[in-house]
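One letter stands for each residue in the lines below.
Number of protein chains: 2
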Amino acid sequence: MDKSYAIGVDMGGTNTAIGVVDRRGEILFRSSVSTVDYNTGESYAEALSATINELISRNNFTGNVAGVGMGVPNGNMNDGTVERAANIPWAKTVAVPLAAIVSEKTGLPCKLTNDANAAALGEMVYGAAKGLKDFIVITLGTGLGSGIVAGGQLIVGHDGFAGELGHVRTVRHNGRLCGCGRTGCLETYASATGVARTAREFLEIYPERETLLRSITSRPITSKDVFEAARSGDRMAIEIFEFTGRILGEAFADFIAFSSPKAIILFGGLAHAGNLLTEPLKEAMDKNVISICKGKTEIIVSQLNDGEVAILGASALAWELSVTN
Amino acid sequence: MDKSYAIGVDMGGTNTAIGVVDRRGEILFRSSVSTVDYNTGESYAEALSATINELISRNNFTGNVAGVGMGVPNGNMNDGTVERAANIPWAKTVAVPLAAIVSEKTGLPCKLTNDANAAALGEMVYGAAKGLKDFIVITLGTGLGSGIVAGGQLIVGHDGFAGELGHVRTVRHNGRLCGCGRTGCLETYASATGVARTAREFLEIYPERETLLRSITSRPITSKDVFEAARSGDRMAIEIFEFTGRILGEAFADFIAFSSPKAIILFGGLAHAGNLLTEPLKEAMDKNVISICKGKTEIIVSQLNDGEVAILGASALAWELSVTN
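Chains A and B, in that order, give the protein sequences.
Heads up, the first sequence is in my numbering, so the first residue is 390 and it goes up one at a time.
Heads up, the second sequence is in my numbering, so the first residue is 390 and it goes up one at a time.
Derived by calculation from the structure, the hints in this document are not laboratory data.
It is possible that some hints are incorrect.
Stated by the list, open to error - Which chain A residues face chain B? A few, computed with CB under 8 Å, are given here:
id	residue
1	Lys522
2	Ala539
3	His547
4	Arg558
5	Ile627
6	Asp643
7	Phe647
8	Ser648
9	Pro650
10	Lys651
11	Ile681
12	Lys685
13	Ile688
14	Val690
15	Gln692
Stated by the list, open to error - Covered, in the sense of this in silico footprint (three residues per stretch, anywhere, with C-beta under 8 Å from a C-beta of chain B), are these stretches of chain A:
id	segment
16	395-404
17	561-572
What the hints assert, rightly or not - SDA-like mimics (lysine to any residue), calculated; alpha carbons at most 25 Å apart, straight line:
id	chain 1	residue 1	chain 2	residue 2
18	B	Lys676	A	Gly564
19	B	Lys685	A	Leu566
20	B	Lys519	A	Gln542
21	A	Lys685	B	Arg473
22	B	Lys671	A	Gly564
23	A	Lys683	B	Cys569
24	B	Lys522	A	Phe591
25	B	Lys651	A	Val483
26	B	Lys671	A	Asn563
27	B	Lys683	A	Phe591
28	B	Lys651	B	Leu521
29	A	Lys685	B	Ala475
30	A	Lys613	A	Trp708
31	B	Lys676	A	Lys671
32	A	Lys613	A	Phe591
33	A	Lys671	A	Phe632
34	B	Lys392	B	Arg473
This structure is a prediction, so every number in the text was calculated from the model and none was measured.
Ideal Cβ placement from N, Cα and C applies to all residues, glycine included.
Given only the sequences and the hints, what does the whole structure look like? Please build it.
Take a look at the structure:
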């Protein structure tokens, strides 16, 4: 019999949010555990499982849950492990078989993937990608993450690490130094930190130009500062978004040559900049895309709630489990 | 009952080769028709169908053929048409529903795809990619074609035109002018014509350097000339392959960030250069790939016969048909 509920788990760098989701994408109940208050992956997984079990039994869903889906930084969908996650103390150096432990302790099928893939599944099941078989979700947060769906299937690669589009170097091969140790990665330009970096560069390159951004001196400039300045008509701030959108659009032209998606869906903090970002982006994409694909790929800003999409996307993984298990 | 034979059709710019293939990848019988001696796609498709029918009935395979698979320049697997094929007189401006016509005239299911996708299927069913679910085939001929398989499935995109990796501009965004009208496309460097172009550039940039290539004056230098010079130890010719391999390796690093393939398989004339090309390629790929994927993707030179792979790959499409029909 079809189960009515799925558990969606959004493991963040500090806290892990857990939700019971129904088939329409409503989050009915929530709970949470700390991500970092544990010395080992095993003890974290046990605490998480206990919270899930408690959430299910307290609300009388026992026997009616399809499974547990998890969105996890550096989560590997192929083998259900989390590994080399720089910000998770218990997964910095070892690979933790998180899905297997949670499955054992809850008695439910469990599958995990990384945050951006979970977002892609969330868009496919509940959001802008409903009914689409070929699309890419780009998450524009501190970095740039991506979830690629082709032929209705999430592209995870032979090792589970496909979709690292924040680290393609399409546009500025010898550009900015990236946290990954290389130069010119897309996310050094197209992300919240990238926008702040561009602002600092512009202020230095154009010392004579007037801009609201120059008045921010007591703390580092953020992408939010740039957004607010742009919204109030500040010319330099607008140009910073144009610069960012242009680089993103040039990169998208190459992504289209790869998987020819029907839509590229923007998600995350920076996506809220809306037209400030998407207009220059579309222009650059159209100018750079191969002619046979011109005008075919839509740019969509996600309408899903930032606070919910991670849980929803993770729960979408659990619905998949109910089909295959 | 499972059928024992498949028809593989390799539509080239001049001739169309047809083969009857068995399940082990043996081409048992061959025939051919002209590609260009027809005014309309319909008359071509009818001549092709008649030849296929004749080949089947003459060899008593009637009732034992799974279907017809075709590798076609600019072939669109989603709708079975060929469109905007610059070198095919009857398909320059119109979209011809080739698969539908051939299916009607032969009474067999028919599916088509472009040449590079057919090569990818050929490698998957009969070649180096046997058993692999995530790989990319790069065909290095006059241009650079690509067939991408992810999760065991050919990536065709929402419109059938995915996998145009010859036209990513990862490495030299403002580089050489491409036949597609843009600049810096990968195939302007990494292809037979790209190698010849590099040779001409090197001769001009280094007028003082001695090289066997300088003695070729009565006709344009070809990639074959560069290969032969490199094989006999000519330093400049070797450097031309190093330059080509390096660009290809840098581009492959980005492809890996996209789909994380287990192998990238090189096919076509230029792939015969072997180590001359693959050594600098691997070095550049390793240097440029994101650390989590380092050392995981193999570079393989196809062992399939150039003259056979297109027919074999096309026939692989027909086996797929026998599963789904």
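Results for each hint:
| no. | hint | verdict |
| --- | --- | --- |
| 1 | Lys522 | holds, 7 Å |
| 2 | Ala539 | holds, 5 Å |
| 3 | His547 | holds, 4 Å |
| 4 | Arg558 | holds, 6 Å |
| 5 | Ile627 | violated, 24 Å |
| 6 | Asp643 | holds, 4 Å |
| 7 | Phe647 | holds, 5 Å |
| 8 | Ser648 | holds, 5 Å |
| 9 | Pro650 | holds, 6 Å |
| 10 | Lys651 | holds, 4 Å |
| 11 | Ile681 | holds, 5 Å |
| 12 | Lys685 | holds, 6 Å |
| 13 | Ile688 | violated, 14 Å |
| 14 | Val690 | violated, 19 Å |
| 15 | Gln692 | violated, 20 Å |
| 16 | 395-404 | violated (count 0) |
| 17 | 561-572 | holds (count 4) |
| 18 | Lys676(B) to Gly564(A) | holds, 16 Å |
| 19 | Lys685(B) to Leu566(A) | holds, 24 Å |
| 20 | Lys519(B) to Gln542(A) | holds, 21 Å |
| 21 | Lys685(A) to Arg473(B) | holds, 16 Å |
| 22 | Lys671(B) to Gly564(A) | holds, 22 Å |
| 23 | Lys683(A) to Cys569(B) | holds, 12 Å |
| 24 | Lys522(B) to Phe591(A) | violated, 46 Å |
| 25 | Lys651(B) to Val483(A) | holds, 23 Å |
| 26 | Lys671(B) to Asn563(A) | holds, 20 Å |
| 27 | Lys683(B) to Phe591(A) | violated, 35 Å |
| 28 | Lys651(B) to Leu521(B) | holds, 7 Å |
| 29 | Lys685(A) to Ala475(B) | holds, 21 Å |
| 30 | Lys613(A) to Trp708(A) | violated, 36 Å |
| 31 | Lys676(B) to Lys671(A) | violated, 32 Å |
| 32 | Lys613(A) to Phe591(A) | holds, 16 Å |
| 33 | Lys671(A) to Phe632(A) | holds, 12 Å |
| 34 | Lys392(B) to Arg473(B) | violated, 34 Å |
Going through the hint list in order, the structure does not satisfy hints 5, 13, 14, 15, 16, 24, 27, 30, 31, 34.
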